[in-house]
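Trainee: Chain by chain, the residues run as shown.
Protein chains: 2
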Amino acid sequence: MKKISLLGSTGSIGVNTLDVVERYPENFQICALSAGSNVELFAQQIRKFKPALAALFDISKIDALKELVADLDVEIVSGQEGAVSAASYSDADLVVSGVVGSAGLLPALAALRAGKNLALANKETLVIAGELVLKEAECTNTKIIPIDSEHSAIFQALNGESPERIKKIILTASGGPFRTFSLKEMENVTVKEALNHPNWSMGAKITIDSSTMMNKGLEYIEAKWLFGVDTNVEVIVHAQSIIHSMIEFVDTSIMAQLGIPDMRVPIAYALTYPDRFVSELPSLDLATMGNLTFEAPDLVRFPCLQLAMDAMEMGQTMPAVLNAANEIAVQAFLDELIPYKDISEIIRMAMHNHRPVELKELQDVLDADLWAREEATKLITVTH
Amino acid sequence: MKKISLLGSTGSIGVNTLDVVERYPENFQICALSAGSNVELFAQQIRKFKPALAALFDISKIDALKELVADLDVEIVSGQEGAVSAASYSDADLVVSGVVGSAGLLPALAALRAGKNLALANKETLVIAGELVLKEAECTNTKIIPIDSEHSAIFQALNGESPERIKKIILTASGGPFRTFSLKEMENVTVKEALNHPNWSMGAKITIDSSTMMNKGLEYIEAKWLFGVDTNVEVIVHAQSIIHSMIEFVDTSIMAQLGIPDMRVPIAYALTYPDRFVSELPSLDLATMGNLTFEAPDLVRFPCLQLAMDAMEMGQTMPAVLNAANEIAVQAFLDELIPYKDISEIIRMAMHNHRPVELKELQDVLDADLWAREEATKLITVTH
Numbered sequence: 008m009k010k011i012s013l014l015g016s017t018g019s020i021g022v023n024t025l026d027v028v029e030r031y032p033e034n035f036q037i038c039a040l041s042a043g044s045n046v047e048l049f050a051q052q053i054r055k056f057k058p059a060l061a062a063l064f065d066i067s068k069i070d071a072l073k074e075l076v077a078d079l080d081v082e083i084v085s086g087q088e089g090a091v092s093a094a095s096y097s098d099a100d101l102v103v104s105g106v107v108g109s110a111g112l113l114p115a116l117a118a119l120r121a122g123k124n125l126a127l128a129n130k131e132t133l134v135i136a137g138e139l140v141l142k143e144a145e146c147t148n149t150k151i152i153p154i155d156s157e158h159s160a161i162f163q164a165l166n167g168e169s170p171e172r173i174k175k176i177i178l179t180a181s182g183g184p185f186r187t188f189s190l191k192e193m194e195n196v197t198v199k200e201a202l203n204h205p206n207w208s209m210g211a212k213i214t215i216d217s218s219t220m221m222n223k224g225l226e227y228i229e230a231k232w233l234f235g236v237d238t239n240v241e242v243i244v245h246a247q248s249i250i251h252s253m254i255e256f257v258d259t260s261i262m263a264q265l266g267i268p269d270m271r272v273p274i275a276y277a278l279t280y281p282d283r284f285v286s287e288l289p290s291l292d293l294a295t296m297g298n299l300t301f302e303a304p305d306l307v308r309f310p311c312l313q314l315a316m317d318a319m320e321m322g323q324t325m326p327a328v329l330n331a332a333n334e335i336a337v338q339a340f341l342d343e344l345i346p347y348k349d350i351s352e353i354i355r356m357a358m359h360n361h362r363p364v365e366l367k368e369l370q371d372v373l374d375a376d377l378w379a380r381e382e383a384t385k386l387i388t389v390t391h
Numbered sequence: 008m009k010k011i012s013l014l015g016s017t018g019s020i021g022v023n024t025l026d027v028v029e030r031y032p033e034n035f036q037i038c039a040l041s042a043g044s045n046v047e048l049f050a051q052q053i054r055k056f057k058p059a060l061a062a063l064f065d066i067s068k069i070d071a072l073k074e075l076v077a078d079l080d081v082e083i084v085s086g087q088e089g090a091v092s093a094a095s096y097s098d099a100d101l102v103v104s105g106v107v108g109s110a111g112l113l114p115a116l117a118a119l120r121a122g123k124n125l126a127l128a129n130k131e132t133l134v135i136a137g138e139l140v141l142k143e144a145e146c147t148n149t150k151i152i153p154i155d156s157e158h159s160a161i162f163q164a165l166n167g168e169s170p171e172r173i174k175k176i177i178l179t180a181s182g183g184p185f186r187t188f189s190l191k192e193m194e195n196v197t198v199k200e201a202l203n204h205p206n207w208s209m210g211a212k213i214t215i216d217s218s219t220m221m222n223k224g225l226e227y228i229e230a231k232w233l234f235g236v237d238t239n240v241e242v243i244v245h246a247q248s249i250i251h252s253m254i255e256f257v258d259t260s261i262m263a264q265l266g267i268p269d270m271r272v273p274i275a276y277a278l279t280y281p282d283r284f285v286s287e288l289p290s291l292d293l294a295t296m297g298n299l300t301f302e303a304p305d306l307v308r309f310p311c312l313q314l315a316m317d318a319m320e321m322g323q324t325m326p327a328v329l330n331a332a333n334e335i336a337v338q339a340f341l342d343e344l345i346p347y348k349d350i351s352e353i354i355r356m357a358m359h360n361h362r363p364v365e366l367k368e369l370q371d372v373l374d375a376d377l378w379a380r381e382e383a384t385k386l387i388t389v390t391h
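Chains A and B supply the protein sequences, listed in that same order.
Per the working numbering, the very first residue in the first sequence carries number 8; after that it's consecutive.
Per the working numbering, the very first residue in the second sequence carries number 8; after that it's consecutive.
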């Protein structure tokens, strides 16, 4: 019986993780849960999965939650501190982080510090503080098992092989809903259009990131941290999202992981690793699918991807700035404060105005993150 | 320094193996060579790679060979016995078998009996005597590393995974030169057309087998022996021969091996396994390639594939009969004695007339093989 602490349980990854846990009641048990502010769903999850500890980030809703689960034997904690408690919960064998955004960093670090293996779906943890996170994992001899379908694919392709034999990582990208749009057409994209992802059903923030290909940019940075900063990472557009990513080895042989686009597959893999459990999900049927297509990414139409690669190249606090500016810009677009094409412009300007500093401790990341949020907000206000 | 005994050195696999060996002079050394009857090329290879032992199958040409290498310090042996000597040569760390046809069986068994790991390109070894060969490998605790691109792909996809976690093997097939031909068009196919394989440059026998999909049928049987007779093996037509085969695991996750169609890649993998060496061969460029296509195989137009699956299902000596009848029928087609469509008919009739017996020892295989050759020859004579 593997005991799991699940962070971000009411988000897309969290809900899918609980779906997986429910399918294998003999193998997994939820010992701690954390969520943001969706009190109703969180209360239902607590009732169903009976964690010993439940952490709600949104302190203002803590009383509402307590009332909903008053009849249950569960310890309720709140705020950042509460999330950290759930992340380092002593009983947990594995911590799954499906937290959205940079709020995932502190709990992830806390999990590793507590000696827990970390199944990580939260991109920002590695994007903004890759160096610190890897150092922590090394110190406590803990494993980071990626949940993102692309990084799970790379992790699986590397299984049994020496990382030194990697020639390059080939990160596949769906290209999002605007893959075939012209530059002109992309200028007038609406929130509704951007939220309509062709292959994956995900949260709003990551769906917008998919449409700008910033999602692939963040994954590019994440891949560098997970599989070696000096590893060559190439992005290829593969509209069907069937090949989830590949590794080319030094002998030119490429190992790829394929499957239907369903997050429950990589989530189950992270939970069962190094084993695989029998799944009732449908198999991929390539003969019916007919064909898989590939094309080079267009960095002119998708400047966010280039910005992310540049940020990783510049290093230090630049990826944290890229990430924070993107979060602010995407929210502004969702709030209809800025047009679609300005998302990349806000990030570009924030990066341009930033003086990167060495990333020695957590505070350096938090400072850069805060600076970039303020800078991006200022840029949005000034230019719109 | 890995010492290699190479069987079938003048064939397509042999020549490619020597090409690989030549690229890594620090790592590989040829200690023994065997060939069929191409004395001129064999003499050149002996001169270049300086084996201590050279075995020529064709006894009638032994004097010609001795004359050509008279100035060299090499022991020359001949016949079946000679090939067996090369296969069990004491210095060899690895035996590579690129022998064509059922002539590969005895040397392969000899290699395993001598405790040598066997890099196997010869399909017939497993097709006609899979049970005996696996028993021998188990007794002597030796490894069979497949060289066929499909089985190498499956072997690589399984690397680091438990064979018990295989849901099915997905064997890819190019579909050969007649993939898009109608039944009517296939009736009048010429030898020249059948020898024109779209993706792979190989010997005549295997190229014809590719065109009838008997090659895939033999690989189907081989895959069953290599990866478990009860393992589900599915054939899918993939015209570009880029994905060399796949494994679907119980969790629906599929691992695939991809690359340019060049036999030197799987040969090098078999030689360097479990390591991979840096290769100067070109990398696969999926973006330039654009797309990969898949379709279900048509068992009506390609009856040989169905016959092979049936033979494996029937078991015992039936696969040996399938294989021998196919060898005779293909040669008769190459000699323009029978039309293309009769290849499968000859095999079907030979199988129909055969009473399979249990495969207890080598003689059972040899008897069935001989019976099928005579039967197929008789069928060709009677019906044409």
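Mixed in with the good hints, there may be bad ones.
Because identical chains share one entry, a pair is satisfied inside a single copy or across any pair of copies.
[To be verified] Only pairs whose alpha carbons sit at most 16 Å apart, straight line, appear in this in silico EDC-like list of lysine to aspartate or glutamate:
| no. | residue 1 | residue 2 |
| --- | --- | --- |
| 1 | K191 | D305 |
| 2 | K385 | E29 |
| 3 | K191 | D80 |
| 4 | K174 | D292 |
| 5 | K73 | E145 |
| 6 | K68 | E138 |
| 7 | K73 | D98 |
| 8 | K174 | D282 |
| 9 | K9 | D100 |
| 10 | K175 | D371 |
| 11 | K367 | E138 |
| 12 | K174 | E343 |
| 13 | K212 | E241 |
| 14 | K191 | D292 |
| 15 | K57 | D282 |
If you're looking for bench data, these hints aren't it; they were derived computationally from the structure.
Trainee: If a hint holds in the structure, say so; if it does not, say that too.
Mentor: Quick rundown of the hints versus the structure:
no.	hint	in the structure
1	K191 <-> D305	within (14 Å within a copy, 46 Å between copies)
2	K385 <-> E29	neither (45 Å within a copy, 64 Å between copies)
3	K191 <-> D80	neither (57 Å within a copy, 75 Å between copies)
4	K174 <-> D292	between (30 Å within a copy, 14 Å between copies)
5	K73 <-> E145	neither (38 Å within a copy, 63 Å between copies)
6	K68 <-> E138	neither (34 Å within a copy, 67 Å between copies)
7	K73 <-> D98	neither (23 Å within a copy, 76 Å between copies)
8	K174 <-> D282	between (27 Å within a copy, 14 Å between copies)
9	K9 <-> D100	within (6 Å within a copy, 44 Å between copies)
10	K175 <-> D371	neither (31 Å within a copy, 50 Å between copies)
11	K367 <-> E138	within (9 Å within a copy, 61 Å between copies)
12	K174 <-> E343	neither (43 Å within a copy, 48 Å between copies)
13	K212 <-> E241	neither (24 Å within a copy, 40 Å between copies)
14	K191 <-> D292	neither (37 Å within a copy, 30 Å between copies)
15	K57 <-> D282	neither (26 Å within a copy, 47 Å between copies)
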